[in-house]
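One line per chain: the protein sequences are A and B, in this order.
Position 140 (the first sequence) corresponds to 140 in full-length UniProt numbering; numbering is contiguous.
Position 45 (the second sequence) corresponds to 45 in full-length UniProt numbering; numbering is contiguous.
Treat the hints with care, since some could be wrong.
[To be verified] With a straight-line Cα cutoff of 25 Å, these simulated BS3-like cross-link-like pairs (lysine-lysine) come out:
| id | chain 1 | residue 1 | chain 2 | residue 2 |
| --- | --- | --- | --- | --- |
| 1 | B | Lys123 | A | Lys45 |
| 2 | B | Lys115 | B | Lys102 |
| 3 | A | Lys48 | A | Lys79 |
| 4 | A | Lys171 | A | Lys235 |
| 5 | A | Lys325 | A | Lys283 |
| 6 | B | Lys123 | A | Lys36 |
| 7 | B | Lys123 | B | Lys85 |
| 8 | A | Lys79 | A | Lys61 |
| 9 | A | Lys247 | A | Lys268 |
| 10 | A | Lys235 | A | Lys247 |
| 11 | A | Lys247 | A | Lys61 |
| 12 | A | Lys79 | A | Lys68 |
| 13 | A | Lys79 | B | Lys85 |
| 14 | B | Lys131 | B | Lys152 |
| 15 | A | Lys68 | B | Lys34 |
| 16 | A | Lys56 | B | Lys34 |
| 17 | B | Lys34 | A | Lys61 |
| 18 | A | Lys61 | A | Lys318 |
| 19 | B | Lys34 | A | Lys318 |
| 20 | A | Lys289 | A | Lys68 |
| 21 | B | Lys159 | B | Lys131 |
| 22 | A | Lys171 | A | Lys268 |
| 23 | B | Lys152 | B | Lys138 |
| 24 | B | Lys102 | A | Lys79 |
| 25 | A | Lys68 | A | Lys56 |
| 26 | A | Lys36 | A | Lys79 |
| 27 | B | Lys115 | A | Lys179 |
Derived by calculation from the structure, the hints in this document are not laboratory data.
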Amino acid sequence: MDEVVVTSRIRLARNLSDVPFTIKMNDYDAGLVIDKVRDVISRNKQYKFDFYEIRKLPLLKRQVLIEKHLISPALVSSKIKSAVAIDQNENISIMINEEDHLRIQVLYRGQNIQMAWEDANRIDDFLEEHLPYAYDETWGYLTSCPTNVGTGLRASFMLHLPALTLLGYMKEIIETITKLGIAVRGFYGEGSEVVGNLYQISNQITLGQPEEDIIANVISITNQIIEQERQARLKLLNENRAFIEDKVYRSFGILKYARNISSNEALKLISDVRMGISMGIIKEVTIDKIDVLLNLIQPAMIQDYFGREMTPEERDIKRAELIRKILD
Amino acid sequence: MLCENCGKRPATVHYTQIINGVKTEMHLCEVCAKQKGTIEFDTPFSVTNFLAGILEPAFGSQVMKPSFEIQITCKGCGMTFEEFKRTGRFGCAMCYNSFSEKLYPIFRRIHGNTKHVGKIPTKMGENIAIKREIDKLKIELNIAIKNEEFEKAAEIRDKIRELEKKLARE
Numbered sequence: 001m002d003e004v005v006v007t008s009r010i011r012l013a014r015n016l017s018d019v020p021f022t023i024k025m026n027d028y029d030a031g032l033v034i035d036k037v038r039d040v041i042s043r044n045k046q047y048k049f050d051f052y053e054i055r056k057l058p059l060l061k062r063q064v065l066i067e068k069h070l071i072s073p074a075l076v077s078s079k080i081k082s083a084v085a086i087d088q089n090e091n092i093s094i095m096i097n098e099e100d101h102l103r104i105q106v107l108y109r110g111q112n113i114q115m116a117w118e119d120a121n122r123i124d125d126f127l128e129e130h131l132p133y134a135y136d137e138t139w140g141y142l143t144s145c146p147t148n149v150g151t152g153l154r155a156s157f158m159l160h161l162p163a164l165t166l167l168g169y170m171k172e173i174i175e176t177i178t179k180l181g182i183a184v185r186g187f188y189g190e191g192s193e194v195v196g197n198l199y200q201i202s203n204q205i206t207l208g209q210p211e212e213d214i215i216a217n218v219i220s221i222t223n224q225i226i227e228q229e230r231q232a233r234l235k236l237l238n239e240n241r242a243f244i245e246d247k248v249y250r251s252f253g254i255l256k257y258a259r260n261i262s263s264n265e266a267l268k269l270i271s272d273v274r275m276g277i278s279m280g281i282i283k284e285v286t287i288d289k290i291d292v293l294l295n296l297i298q299p300a301m302i303q304d305y306f307g308r309e310m311t312p313e314e315r316d317i318k319r320a321e322l323i324r325k326i327l328d
Numbered sequence: 001m002l003c004e005n006c007g008k009r010p011a012t013v014h015y016t017q018i019i020n021g022v023k024t025e026m027h028l029c030e031v032c033a034k035q036k037g038t039i040e041f042d043t044p045f046s047v048t049n050f051l052a053g054i055l056e057p058a059f060g061s062q063v064m065k066p067s068f069e070i071q072i073t074c075k076g077c078g079m080t081f082e083e084f085k086r087t088g089r090f091g092c093a094m095c096y097n098s099f100s101e102k103l104y105p106i107f108r109r110i111h112g113n114t115k116h117v118g119k120i121p122t123k124m125g126e127n128i129a130i131k132r133e134i135d136k137l138k139i140e141l142n143i144a145i146k147n148e149e150f151e152k153a154a155e156i157r158d159k160i161r162e163l164e165k166k167l168a169r170e
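Working from the sequences, and respecting the hints, build out all of it.
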């Protein structure tokens, strides 16, 4: 299944009852929330968290965390003090003073949404023991935005759907699943563009359904999309083998030999190769390896990898170098 | 292509946003992109703006609104209901209480529901769990009565009484 599901993610939005929400917060309140949460997190014995105040982080490091999907762009552009706690395996991140006081996020590779939910739920229980959560009997967890109230839960999958895209089915699929309360977004979440045929799908509704039902609903729709993508790949292979092999090998060739490549071009080519591996066309590279590449080619990750800041032109050259090295 | 912001340096950061099929593009140089926070991007299609649009019609147009209507203000953070409609964000936990009556139609529009049935925090949870159990039993009681299963109904009634007593003690 991991040839289609790239990552699984659970996010819980939580707020404290005794501090104004972030829209009405000043830096003093923001600092207070950060201190409180930092103190509670440090008492956790199960996970080892590193704690970062966003304003104290260099710009490059902030961008790296965004590209690793450990923090959101909104946390970085927050007008008040914000912070994040990240566990050492980089699966769990707790954002502080994003849109809500707390955003507990668990991200796993492949289809591991259940495991992500169990982790998120456990951390939520632990935090709730020590922090006064804003909760109402009728409306559940009170959030800054009315679209998150109730469970505060967003369950999402990053799906790689090259065949459905190539066959032109995506518009119809998006229209249909949107009607079923599922949102479709790009690589970096809300408001971002779909690149490399990577689509993020998640639940829209957070109120009136128990967490397990919300997650089951997203899983069920995802499973159907996975099946459709598999059928589409088979169809492409059976009916257009020559075309597909040519496309996959050309992309593989460019990746292997290019000397200068932008992240957008790299993403598109990686998408083709990823599909090619799952179709059995390319055998010398694994999906795991290609997924490492998928992360590393991003602008800040490239600079982080080589340990220095670079101009965009320099990055394109170094990106090509890195891709060659990994594919070799 | 030159940067759209300074018009001097070449544009190297190209940002495209597609929301509901509407595409917005921005081309910036690295310096201006950094100043703008790289990802920060003004768009008329943000969730907040759409939300404000969703909230508006539920309360009638400006023309229909009686001029003597008293503005509701949250006692916790001072946010007015107008402000909430404009920003699509609550100011604090108390806003939910302050705007309580006006929130039902909004939540129904967004979620199709107005009652949380999910997780209950353990610390404050026991009472809520009992109340939920009572609600569930009351439905069962009605069904039992309808089906003329009076023995079963009596059993359920006793269970409800017991739980109500427990609730009163808490």
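Now for the hints, and whether the structure bears them out:
1. Only pairs whose Cα atoms come within 25 Å are accepted, and Lys123 of chain B paired with Lys45 of chain A is accepted, the gap being roughly 20 Å.
2. A hinted pair counts as satisfied when its Cα atoms are at most 25 Å apart, and Lys115 of chain B with Lys102 of chain B qualifies at roughly 14 Å.
3. Simply put, Lys48 of chain A and Lys79 of chain A have alpha-carbon atoms about 28 Å apart, too far for the 25 Å limit, and the pair is violated.
4. Annotation: proposed proximity of Lys171 of chain A to Lys235 of chain A holds, straight-line Cα distance about 19 Å (limit 25 Å).
5. For the hint pairing Lys325 of chain A with Lys283 of chain A, the CA-to-CA distance comes to about 17 Å; that is within 25 Å, so the pair holds.
6. Of the supplied pair hints, the one linking Lys123 of chain B and Lys36 of chain A holds, its CA atoms being roughly 18 Å apart against a limit of 25 Å.
7. Between Lys123 of chain B and Lys85 of chain B the alpha-carbon distance is near 32 Å, which puts this suggested pair outside the 25 Å criterion.
8. Distance hint between Lys79 of chain A and Lys61 of chain A is fulfilled; the C-alpha atoms sit about 18 Å from each other, no more than 25 Å.
9. Note on Lys247 of chain A and Lys268 of chain A: the hinted pairing holds, with a Cα-Cα distance of about 11 Å set against a maximum of 25 Å.
10. At most 25 Å may separate the alpha-carbon atoms for a hinted pair to count; Lys235 of chain A and Lys247 of chain A meet this at roughly 15 Å.
11. As the CA atoms of Lys247 of chain A and Lys61 of chain A are separated by approximately 36 Å, the hinted pair breaks the 25 Å bound.
12. Distance check on the hinted pair: Lys79 of chain A and Lys68 of chain A sit about 22 Å apart at the alpha-carbon level, within 25 Å; holds.
13. Pair hint Lys79 of chain A plus Lys85 of chain B holds up; C-alpha atoms about 21 Å apart against a cutoff of 25 Å.
14. Distance restraint check for Lys131 of chain B and Lys152 of chain B: the Cα-Cα separation of roughly 21 Å lies within the 25 Å cut-off, and the hinted pair is therefore satisfied.
15. Taking the CA atoms of Lys68 of chain A and Lys34 of chain B, the gap is near 19 Å; set against the 25 Å cutoff, the hint holds.
16. For the suggested pair Lys56 of chain A and Lys34 of chain B, the alpha carbons sit about 16 Å apart, so the restraint of at most 25 Å is met.
17. At most 25 Å may separate the alpha-carbon atoms for a hinted pair to count; Lys34 of chain B and Lys61 of chain A meet this at roughly 13 Å.
18. Of the supplied pair hints, the one linking Lys61 of chain A and Lys318 of chain A holds, its CA atoms being roughly 18 Å apart against a limit of 25 Å.
19. Distance check on the hinted pair: Lys34 of chain B and Lys318 of chain A sit about 21 Å apart at the alpha-carbon level, within 25 Å; holds.
20. Between Lys289 of chain A and Lys68 of chain A the CA atoms are separated by roughly 16 Å; this keeps the pair inside 25 Å, and the hint holds.
21. Of the supplied pair hints, the one linking Lys159 of chain B and Lys131 of chain B holds, its CA atoms being roughly 12 Å apart against a limit of 25 Å.
22. At most 25 Å may separate the alpha-carbon atoms for a hinted pair to count; Lys171 of chain A and Lys268 of chain A meet this at roughly 19 Å.
23. Proximity of Lys152 of chain B to Lys138 of chain B is assessed by CA-CA distance (about 12 Å); at most 25 Å being required, the pair is judged to hold.
24. Restraint check: the Cα-Cα separation between Lys102 of chain B and Lys79 of chain A comes to about 29 Å, which exceeds 25 Å; the hinted pair is violated.
25. This hinted pair checks out: Lys68 of chain A and Lys56 of chain A have alpha carbons roughly 19 Å apart, not beyond 25 Å.
26. Straight-line distance between C-alpha atoms of Lys36 of chain A and Lys79 of chain A comes to about 20 Å, which keeps the hinted pair within the 25 Å bound.
27. Distance check on the hinted pair: Lys115 of chain B and Lys179 of chain A sit about 21 Å apart at the alpha-carbon level, within 25 Å; holds.
Of the hints listed earlier, those the structure fails to meet are numbers 3, 7, 11, 24, in rising order.
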